[in-house]
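Position 5 of the sequence shown, counting from 1, maps to 5 under UniProt numbering, and the rest follow consecutively.
Derived from the structure by calculation, the hints contain no laboratory data.
Treat the numbers as computed from the prediction; the structure is a model and nothing was measured.
Be careful, since some hints might not be right.
To be verified - In silico DSS-like cross-links for lysine-lysine, where the CA-CA straight-line distance does not exceed 25 Å:
{"hint": "1", "residue 1": "LYS570", "residue 2": "LYS552"}
{"hint": "2", "residue 1": "LYS509", "residue 2": "LYS567"}
{"hint": "3", "residue 1": "LYS284", "residue 2": "LYS56"}
{"hint": "4", "residue 1": "LYS570", "residue 2": "LYS700"}
{"hint": "5", "residue 1": "LYS603", "residue 2": "LYS584"}
{"hint": "6", "residue 1": "LYS156", "residue 2": "LYS193"}
{"hint": "7", "residue 1": "LYS621", "residue 2": "LYS700"}
{"hint": "8", "residue 1": "LYS91", "residue 2": "LYS193"}
{"hint": "9", "residue 1": "LYS603", "residue 2": "LYS509"}
{"hint": "10", "residue 1": "LYS560", "residue 2": "LYS621"}
{"hint": "11", "residue 1": "LYS509", "residue 2": "LYS570"}
{"hint": "12", "residue 1": "LYS419", "residue 2": "LYS444"}
{"hint": "13", "residue 1": "LYS552", "residue 2": "LYS583"}
{"hint": "14", "residue 1": "LYS567", "residue 2": "LYS603"}
{"hint": "15", "residue 1": "LYS608", "residue 2": "LYS567"}
{"hint": "16", "residue 1": "LYS552", "residue 2": "LYS584"}
{"hint": "17", "residue 1": "LYS477", "residue 2": "LYS505"}
To be verified - Now the in silico label distances, taken between C-beta atoms and shown as ranges:
{"hint": "18", "residue 1": "ARG321", "residue 2": "VAL486", "range": "54 to 64 Å"}
{"hint": "19", "residue 1": "ALA42", "residue 2": "GLN269", "range": "40 to 50 Å"}
{"hint": "20", "residue 1": "VAL836", "residue 2": "HIS130", "range": "27 to 37 Å"}
{"hint": "21", "residue 1": "ILE172", "residue 2": "GLN269", "range": "30 to 40 Å"}
{"hint": "22", "residue 1": "GLU255", "residue 2": "ARG321", "range": "28 to 38 Å"}
{"hint": "23", "residue 1": "PRO457", "residue 2": "VAL486", "range": "37 to 47 Å"}
{"hint": "24", "residue 1": "LYS700", "residue 2": "VAL581", "range": "48 to 58 Å"}
Beta carbons: idealized from backbone N, C-alpha and C, even for Gly.
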Amino acid sequence: MKTPKWGYQFLQYFLRLWLPLVLLLVVVLWILFRTQADAALAILQANERQSIQMGKRSIDAALSVLVGDALYLAEHSSLQHWLDTHDSEAKSRLAHDFLAFAKRRPHYDQIRFLDEHGYERVRINFHDGHSFIELASLQDLSESPYVRNTLALDEKAVLISPFDLNIEQGVIEEPISPTIRFSAPVFGDDGQKRGLVVLNYQGYRLLNRLRAISEQSLGSLWLLNAAGYWLLGPDPGTEWGFMYQDRQAVRFEREFGEEIWSEIMQGPQLGQWEHEKGLFTYSKISPAEAQNNVNAEEERWVLISYVPPSVIAASTAENERNLVIAFIGLTFVLALVSGIIAYYIVRRRQAEAAVRASEIRFRGLLESAPDGIVIVDQRGVITLVNSQTEQWFGYTRDELLGNHIEQLIPERFRSGHVKVRDRYAGKPATRPMGAGLELFGRRKDGSEFPVEISLSPLQTDQGLLVTSIIRDITSRKQAEEMQRQVEMRYHGLVNNLPVGVYRNKPDEKGQFLEVNQAMVDIFEAESAEQLLTHHFRESYCDLAERNRFIGKVLRDGYVKGEEVRLKTLKGREFYAALSAVMKKNESGGIYFDGILEDISMRKQSEHKIQQLNERLQARSKELETINRELEAFSYSVSHDLRAPLRAMDGFSRTLLDEYADHFDEKGRDRLRRIRAAAQRMGALIDDLLKLSRVSRTEIKREEVDLTQMANEVLQILQQDDPARTVCIQIQSGLMAYGDARLLRVVMDNLLGNAWKFTAHAQAASIEVGEELKGGQIVYFVRDNGIGFDMAYADKLFGAFQRLHDAAEFPGTGIGLATVQRVIHKHGGQIWAESAVNQGATFYFILDEKESA
Numbered sequence: 001m002k003t004p005k006w007g008y009q010f011l012q013y014f015l016r017l018w019l020p021l022v023l024l025l026v027v028v029l030w031i032l033f034r035t036q037a038d039a040a041l042a043i044l045q046a047n048e049r050q051s052i053q054m055g056k057r058s059i060d061a062a063l064s065v066l067v068g069d070a071l072y073l074a075e076h077s078s079l080q081h082w083l084d085t086h087d088s089e090a091k092s093r094l095a096h097d098f099l100a101f102a103k104r105r106p107h108y109d110q111i112r113f114l115d116e117h118g119y120e121r122v123r124i125n126f127h128d129g130h131s132f133i134e135l136a137s138l139q140d141l142s143e144s145p146y147v148r149n150t151l152a153l154d155e156k157a158v159l160i161s162p163f164d165l166n167i168e169q170g171v172i173e174e175p176i177s178p179t180i181r182f183s184a185p186v187f188g189d190d191g192q193k194r195g196l197v198v199l200n201y202q203g204y205r206l207l208n209r210l211r212a213i214s215e216q217s218l219g220s221l222w223l224l225n226a227a228g229y230w231l232l233g234p235d236p237g238t239e240w241g242f243m244y245q246d247r248q249a250v251r252f253e254r255e256f257g258e259e260i261w262s263e264i265m266q267g268p269q270l271g272q273w274e275h276e277k278g279l280f281t282y283s284k285i286s287p288a289e290a291q292n293n294v295n296a297e298e299e300r301w302v303l304i305s306y307v308p309p310s311v312i313a314a315s316t317a318e319n320e321r322n323l324v325i326a327f328i329g330l331t332f333v334l335a336l337v338s339g340i341i342a343y344y345i346v347r348r349r350q351a352e353a354a355v356r357a358s359e360i361r362f363r364g365l366l367e368s369a370p371d372g373i374v375i376v377d378q379r380g381v382i383t384l385v386n387s388q389t390e391q392w393f394g395y396t397r398d399e400l401l402g403n404h405i406e407q408l409i410p411e412r413f414r415s416g417h418v419k420v421r422d423r424y425a426g427k428p429a430t431r432p433m434g435a436g437l438e439l440f441g442r443r444k445d446g447s448e449f450p451v452e453i454s455l456s457p458l459q460t461d462q463g464l465l466v467t468s469i470i471r472d473i474t475s476r477k478q479a480e481e482m483q484r485q486v487e488m489r490y491h492g493l494v495n496n497l498p499v500g501v502y503r504n505k506p507d508e509k510g511q512f513l514e515v516n517q518a519m520v521d522i523f524e525a526e527s528a529e530q531l532l533t534h535h536f537r538e539s540y541c542d543l544a545e546r547n548r549f550i551g552k553v554l555r556d557g558y559v560k561g562e563e564v565r566l567k568t569l570k571g572r573e574f575y576a577a578l579s580a581v582m583k584k585n586e587s588g589g590i591y592f593d594g595i596l597e598d599i600s601m602r603k604q605s606e607h608k609i610q611q612l613n614e615r616l617q618a619r620s621k622e623l624e625t626i627n628r629e630l631e632a633f634s635y636s637v638s639h640d641l642r643a644p645l646r647a648m649d650g651f652s653r654t655l656l657d658e659y660a661d662h663f664d665e666k667g668r669d670r671l672r673r674i675r676a677a678a679q680r681m682g683a684l685i686d687d688l689l690k691l692s693r694v695s696r697t698e699i700k701r702e703e704v705d706l707t708q709m710a711n712e713v714l715q716i717l718q719q720d721d722p723a724r725t726v727c728i729q730i731q732s733g734l735m736a737y738g739d740a741r742l743l744r745v746v747m748d749n750l751l752g753n754a755w756k757f758t759a760h761a762q763a764a765s766i767e768v769g770e771e772l773k774g775g776q777i778v779y780f781v782r783d784n785g786i787g788f789d790m791a792y793a794d795k796l797f798g799a800f801q802r803l804h805d806a807a808e809f810p811g812t813g814i815g816l817a818t819v820q821r822v823i824h825k826h827g828g829q830i831w832a833e834s835a836v837n838q839g840a841t842f843y844f845i846l847d848e849k850e851s852a
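Given only the sequences and the hints, what does the whole structure look like? Please build it.
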């Protein structure tokens, strides 16, 4: 029955527990709230700084590319060529090169070249997603400020105009077109200014990048000019105020106050400021300072990330609600816990409950012990065991209580254990049992396991009780056995290595401390013991090498692959590669652990390789001499053989022109044949010289536009034979990586053959393109001419090999041999597929590794 005194005690203990806990809870939750609020603000600040840095990197990267494009076009080879020649073909090529550049870089509204007088000579416009060459409305812009300012710049400098809206004929273009102009002066080969290149960059692309970054953060990312006008703002109505008369007052300082704008403009380049109006993170950007050799006409931008106070407050509101709920719930839990604790405190004051609690704690301690506990009396009878003993030995508690302890001992030790137990009863003491011996326990099933036993005596009213604490050490024994096996495998591995492994002292003698079997074999010792007594110092052929080796190890801590000359115990010299690392023992003494490898065979191989290299160098010199002789022969063929051929052709023509009436038709036919043979011989010599030059030409790889090259070759063929009508299909964007001059030889021969062999076709067609075969780009030239029999395809690329009558299709038979030589020099392959009267297709590939 609970008395009023019990209720008073309960309330007293309850309040003593509950009130401090509630106060502590309030303090903890307040600290947690402040910590979470500060952490949320810090994360928000870090995120906004990262957004600003990402925006600045985007702007810097865009400016770097745009400045590079302006400088690249200012030094473009087509531009320099036109400036040197001033011919229409060079200007057309320049315009097409600028057009190709605009298609690859579609972020420019205009690409223009203006001469030194400010007059537009070439202009590429971008409209409705397409770039085109503007020919009709070229303008005189000599009075434009950016033209004059650009022409005043030095070589390799770029002028960046202010970031504003594009104006056409005095009116802002609609829809608006944010524009930045990048212009660079153009200098001729003589160092004189020849004009300027102007690129109109589509500024909305840069603004879209900043909008994408802004969408990934809580704040709004804005871009302003130095006057405080928004280039990228909260909404379109606030942007480009300096361009519109009715928006002149729409500025940052009007919206957020002059104090904040002054703080930003007078602050560091990158900063963050928390104000009652919100969090402002900014970075000041100067295009002229971000890029080398750039004049930005005092252009300055400010990149600002703004987080309003409502967003900052919202980041902590949820945490505040959660903490309030947690406080209410924990207050109730603390009240419940305090009531329970108060209740048990009162109960513990009762003596009977205290004794019961003590006994429970003792039993719990005994049962939770990780070791087996067995208590026996002085007769060796078991009086108490714990659950761990039951688990290890396999007996139940009832099967052990009242029986002798020898039940748990292997039978071979039982008789001796009785005498040991009697001696211990005479002199009881706390000590381990069987020190230095291996002890074993016996399970119920007869199996044994290794144990450690500690004995502790206790004198009671009922007599002597001995507590035995038994520990199963099976895992430890297994670990020791595994360690022993690992050490055996390690020693076996070291002794079986094909290289010498050693440990020695870096003292005067250098005595070995440990060696493996390979060291014994390398030094031709009779045993490891003999080598351990040998002084390593005596094995060096040159003691200076030993001193250098030891010095390097002591200085650097290790040496790898040091080559030295050593000698064995029998006096045989050999080359060795020594590696060593410096270590210290427990007393601080220094020793070396190292590896020694006999490299005598490698030294011999290196000597042989050196001899081979010397012979190869001599052979190379011989080949150079042969090449010079071939060049001399080529010159002789070109000069000495051409003279008599020209004489034969010239005199034959004279006879036909002036003395034709002295010959009959047969004689005039003979003279015409002499002239034709001389001309064929001259052409043959020219082709042979071309083939020889191809073999000797060094490849200079670059990106080659095969589409443009094929167009040029076919235009020349059309001009030479304007009466023919040929359907021509050339795939656009054919790009290759190789020598432009040699690839022009390939296209001249392949397209020349296609033009020649389609001469009798009713609807002649020639196609140039590429396709993907086996993961490789394969280029092809296809025609619908007379074709050839594939049975003779093996002769197709041989010199002087012809598959058609020379009278019908003239030629020397050298062209395709020259083509094959060029393709092979590029590491590629060429082949053909055809059928008689069904056209032919020539395929070729260039080596991918060389093209990478």
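Going through the hints against the structure:
1. LYS570 to LYS552: violated, 29 Å
2. LYS509 to LYS567: Within the cut-off at roughly 16 Å; holds.
3. LYS284 to LYS56: holds, 9 Å
4. LYS570 to LYS700: violated, 60 Å
5. LYS603 to LYS584: violated, 34 Å
6. LYS156 to LYS193: Distance of about 12 Å is within 25 Å: holds.
7. LYS621 to LYS700: holds, 24 Å
8. LYS91 to LYS193: Holds, at about 18 Å.
9. LYS603 to LYS509: Not OK: LYS603 and LYS509 at ~28 Å, beyond 25 Å, violated.
10. LYS560 to LYS621: Violated - the C-alpha atoms of LYS621 and LYS560 are around 38 Å apart, more than 25 Å.
11. LYS509 to LYS570: holds, 19 Å
12. LYS419 to LYS444: Holds - the C-alpha atoms of LYS444 and LYS419 are around 24 Å apart, at most 25 Å.
13. LYS552 to LYS583: holds, 14 Å
14. LYS567 to LYS603: The hint holds at about 16 Å.
15. LYS608 to LYS567: Distance ~23 Å between LYS608 and LYS567 Cα, so the pair holds.
16. LYS552 to LYS584: At roughly 16 Å apart (the allowed maximum being 25 Å), LYS584 and LYS552 satisfy the hint.
17. LYS477 to LYS505: With a Cα-Cα distance of about 36 Å, the restraint between LYS477 and LYS505 is violated, given a limit of 25 Å.
18. ARG321 to VAL486: 54 to 64 Å: Cβ of ARG321 to Cβ of VAL486: about 59 Å, so the range 54 to 64 Å holds.
19. ALA42 to GLN269: 40 to 50 Å: Violated - the Cβ-Cβ distance for ALA42 and GLN269, about 22 Å, lies outside 40 to 50 Å.
20. VAL836 to HIS130: 27 to 37 Å: violated, 45 Å
21. ILE172 to GLN269: 30 to 40 Å: About 32 Å separates the Cβ atoms of ILE172 and GLN269, which means 30 to 40 Å holds.
22. GLU255 to ARG321: 28 to 38 Å: holds, 32 Å
23. PRO457 to VAL486: 37 to 47 Å: holds, 41 Å
24. LYS700 to VAL581: 48 to 58 Å: holds, 50 Å
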